[in-house]
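A.B. asks: Okay, here's what each chain looks like letter by letter:
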Amino acid sequence: MRESDIQINRVDWIAVSIYFALVFIGWINIYAAVFDSQYPKEIWDLSINSGQQLVRIGISIALITLIMVADYRFFENLALPIYILFIGILVITPFLGKEVNGQVLSVGFGSFRIQPGEFAKLTTALALAKVMERPTFDLSKKNYQIIAFSILLIPVGLILLQPDTGTAMVYFSVLLMFYREGLPQWFFVLGFGLVAVTLLGLGIENNLYLAGAIVIVVAILVSLGRRTWQRTLVFSLIGLGLIAYIYSLDYVVGKLPPHQQNRIMVLFNPNIDPLGVGWNVTQSKIAIGSGGLLGKGYLEGTQTKFDFVPEQHTDFIFCTLGEEFGWVGSLIVIGLFTALLYRLVVMAERQKTRFSRIYGYCVVSILLFHFMINIAMTIGLFPVVGIPLPFFSYGGSSLWSFTILLFIFIKLDSSRAFQLGRLN
Amino acid sequence: MNEQRPVIILIFIFLVSVVLLVKLFSIQVLDDSFTKKAERNAIQRIVDHPYRGLIYDRNGKLLVYNNPIFDLMVVPKELKIQDTAKFCQLFKIPKDQLKESLAAAKKYSWVKPSTLIKQISTTEFARIQDFLIDYPGLFIMTRAVRSYPNSTASHALGYIGEISGTQLERDTTKYYSQGDYVGLSGMEKFYENELRGKKGAKYKMVNVRGVDKGPFKDGEYDTASVAGKNITSTLDMELQMYGEMLMAGKKGSVVAIEPKTGEILAMISAPFYDPNELTGAEFSRNYLRLNRDIEKPLFNRPIMATYPPGSIFKIVQSLIGLQEGILTPNTTFACNRSLVACHNHPNPVNLFGAIRNSCNPYYHQAFRMIINQDISTNTFKDTEIGLNAWREKVLKFGLGSPLGVDMTNEKGGSIPSSRLYDRVYGEGRWKYSTIYSLSIGQGELLVTPLQMANMVCIFANKGYYYTPHLVKAIDGDETLVPGKFQIKHEVGIDEKHFDLIQDAMAEAIYGTAARAVIKDIVIAGKTGTAQNPHGEDHSVFFAFAPKDDPKIAIAVYVENAGWGGRAAASTASLMIEKYLRGNITRPELEEYVKAGKFIY
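Chains as they are written, first to last, in our numbering: chain A, 10 to 433; chain B, 6 to 605.
For the record, the hints were derived by calculation from the structure and aren't laboratory data. Among the hints, a few may not be true.
[Claimed, not checked] If you want the ones that stay clear, here's a sample from chain A, every Cβ over 12 Å from chain B, calculated: (1) Ile73; (2) Met77; (3) Ile96; (4) Leu170; (5) Gln194; (6) Tyr254; (7) Gly300; (8) Ile413.
[As the list claims (entries may be wrong)] Simulated coverage check for chain A against chain B, where a stretch passes if three residues somewhere in it have a Cβ under 8 Å from a Cβ of chain B: (9) 44-58; (10) 126-133; (11) 179-190.
[Stated by the list, open to error] Quick list of simulated restraints, FRET-style, between CB atoms: (12) Ser46/A / Ile492/B: 55 to 61 Å; (13) Ile16/B / Arg425/A: 47 to 53 Å; (14) Leu105/A / Ile16/B: 41 to 47 Å; (15) Val337/A / Val116/B: 56 to 62 Å; (16) Gly202/A / Ile16/B: 18 to 24 Å; (17) Ile16/B / Phe83/A: 58 to 64 Å; (18) Asp482/B / Ser46/A: 15 to 21 Å; (19) Pro267/A / Lys97/B: 46 to 52 Å.
Predicted, not measured: the structure shown is a model, and the values here were computed from it. Glycine included, each C-beta is placed from N, C-alpha and C at the ideal position.
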């Protein structure tokens, strides 16, 4: 039996099928989003977005083929050089890239443009896997934590310069992988606590209530355990720090660019300005909400087609689905995503090398984050951040980067028989 | 290590999916407000306004029609003008005005149409129609306004106007919407449901900028409008216009009715206005002016003005007396002027003579017999009983309450009952000497000109009437006329009593209204003079003709024109001749009426 035969047989066809199902549904929804009943065009007409997307799907298949025929060691070996290369590209992007809406996201020539921020997710995942695969790498130790977070935070810092808050946020999703790899639980307790306090601080008008609540919680915690003066001091300092943090939030938010301030405000009260700041979310909810149980029927949607929903074929592509296929359509797509993520976790857990497993969890983390945040923002559960829905949203960089991200893992998974067991 | 962590991660993934699906379920399935919002967003209902029904006169002559007016609309985004000077010349619009209108249109919307030139006439429209194709972004929008080819019968026809807020609130059928035109007075209001037709609707989709994106569901829900029904009026346009010519410059009413049917042949309220004034763009301005006019041209006198009936009421008294058996043709009273003033005439008189000479003392005495029949020994009580019994009989003549003509705001006049006198004088503190003015049609009696004309119909018909009305047929079908206009109302007086009355009326005009006499047409008539405490008396005349086969009953009021035998009798006589003969044989009488100098 030749090596390549084994590889093909070991390809996880479930994950591959779900991928193609999602790409196909995404593609017909892109067509629906731009369909104009007065000037109907065929779905593969290259003058409309669905035709363009079909070309990109074709390129994706070529990329998949390349990944599948490549040597699995290639990705491991090139992980760090590619990471460094993309850090370099991210550094020069603000100087050479094309400015759109005050953001410089893409570099390239003429009509061929890529968004390095999209691909840097992939290179960061590979770099993390490469660095963390050593048996001695222990995330419960401070030195290794610093290394892991450094690899993560360098691209984040550069992307924030573009500035692209949405994409930068995606990088933090690999905290999920860190969790799997043993980052101590208190990291997450602290992290979630901070997020909760931040949300409450922004959501509650009068900071005094929150400060009062913190004082009470600190008092209870102090009185419950051993009453040493060190413990009391630590808790009091944490309490004071939190209170100071809450009061500084208003100041920090005030310093944010207005459009980001607005996005935060809209999260807490989507009705403040339905025609202005809240427009995206309001219209997006109308489009999805008007779909009902079964939807209005394919190409029968009115809200997305007539431009009521902005960015309908990219970040808000889920609206077209929700409007035309209803809750049942949403259920199918969310079910497919959930099934894919479940499958990927199962696959990650069966890897023989730590590299593959870490990379697999990076794929899970990034896909989960995109899927969760993108849909949550279209239904008003999360502020509007410009991140695409994997495999669905129109655009080459997004589709290709997710395809490469996923299929490198499928490749690694299919080659696991040849990998030396290095798990610890 | 960390054995349980993959499981926790899987649980987290499932939780995320469940939260998303629950939220989606709540907005997609449980909350239907988004569906409505989506429709409001993208689906525009465009009302297809039906053509309002036309109104014809009894001979098929057009009284009201719909006049299309054309507005030139512009979509600024699509409009390209290469040569402004040529454009202005073609569309006959000054350069400055074009600039101004275009700027306003652009300010409103680049993609939605605005009016560029308002109310282009039909001929002008025909001229520019060919040029329109050279200018994309320009199109014609057609609207219809009511138009009156002969500017006649303004009060009877009424007018239409934009629906008011309160009318909209009261519209329980939810048929109307803001900006709709409805009948506001006259036949337009009364026959609103017949005339308005049925609105149609087209549903079209628009995008976020309001640009038309084609019909919704290929027009599945669209409905066509149904044109309103045409109405044939009972009015005789020739007679109506002739009456308006006679009444021009005067104040008063003319009501002519066909006695056998109750069909109103002419209904003139002077001063009148040109109904074309209350149409289209000029409505508000003209309405304001007419409404402020101290002559009250909008006031519909035939149904809204009330006067004491005067002498004609003596005929009603005679009929009641005859029917009761209190009077006979031979009942004779002295013309005792100590009771009430009278004019010179043979004395004493029987009933015929009393009508012929309009003898006041006769009725003073006859009415006392009708009222005081000694049913009670208490003279106060007896008067009360008598008055109320008498009132019941009078009401049967269509007096005291609105007749129910097919116009709105009809007044009912007033026939006093004991309650009125109780209120004024106190219970048991009034008797015949208090109310004797009623005997000659004065005092507390009030009657509209329409009721007067109807009363003449009763005399002509010998005891019955049909409720006067303006509608003869709806969509050419006479059976669609409301049933209440086909009910014969008996007044409770035997036919035999009317011969004497008719004979006396025919005789009377020789005495009191010689001007009314027409050769070869026997007119039965009666002058009246409605006392006017504010100035000259009102000249009143009632008649029907021909006496043996009455085809027209008429009541004429000319305010402040003095004695009934002059202004009113002349007008009535001319109207009768016009209607029965079609032409006027007495141009000098016509001139006399037109000149309008009746007080000398």
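A.B. asks: Are all C-beta atoms of chain B more than 12 Å from that of Gly300/A?
C.D. replies: 5 Å, violated
A.B. asks: When I compare C-beta atoms, does the segment 126-133 of chain A have three or more residues closer than 8 Å to chain B?
C.D. replies: violated (count 0)
A.B. asks: Between Asp482/B and Ser46/A, is the Cβ distance one that fits in 15 to 21 Å?
C.D. replies: With Cβ atoms ~45 Å apart, the hint is violated.
A.B. asks: Confirm or reject the coverage of the segment 44-58 of chain A by chain B under the rule of 3 or more residues with a beta carbon closer than 8 Å to the chain's beta carbons.
C.D. replies: As far as the segment 44-58 of chain A goes, the hint holds, because 3 residues have Cβ atoms under 8 Å from chain B.
A.B. asks: Ile73/A clear of chain B by more than 12 Å, beta carbon to beta carbon?
C.D. replies: Given a closest Cβ separation of 24 Å, the condition holds.
A.B. asks: Checking a non-interface call: every C-beta of chain B should be farther than 12 Å from the C-beta of Tyr254/A. Is that right?
C.D. replies: 26 Å, holds
A.B. asks: Is 55 to 61 Å respected by the C-beta to C-beta distance linking Ser46/A and Ile492/B?
C.D. replies: Given range 55 to 61 Å: holds, Cβ gap about 59 Å.
A.B. asks: In terms of Cβ atoms, is chain B entirely out of 12 Å range of Leu170/A?
C.D. replies: Leu170/A is indeed farther than 12 Å from all Cβ atoms of chain B, at 30 Å.
A.B. asks: Please confirm whether Ile96/A is truly not at the interface, meaning its C-beta sits more than 12 Å away from all C-beta atoms of chain B.
C.D. replies: About 28 Å separates Ile96/A from the closest Cβ of chain B, which puts it past 12 Å; holds.
A.B. asks: Cβ-Cβ distance between Gly202/A and Ile16/B: within 18 to 24 Å?
C.D. replies: About 20 Å separates the Cβ atoms of Gly202/A and Ile16/B, which means 18 to 24 Å holds.
A.B. asks: Quick check: do three or more residues in the segment 179-190 of chain A have a beta carbon closer than 8 Å to a beta carbon of chain B?
C.D. replies: With 4 residues close enough to chain B, the hint holds.
A.B. asks: Indicate whether the distance between the beta carbons of Pro267/A and Lys97/B respects the range 46 to 52 Å.
C.D. replies: 51 Å, holds
The structure does not agree with the numbered hints 5, 7, 10, 13, 15, 17 and 18 stated previously, though it agrees with the rest.
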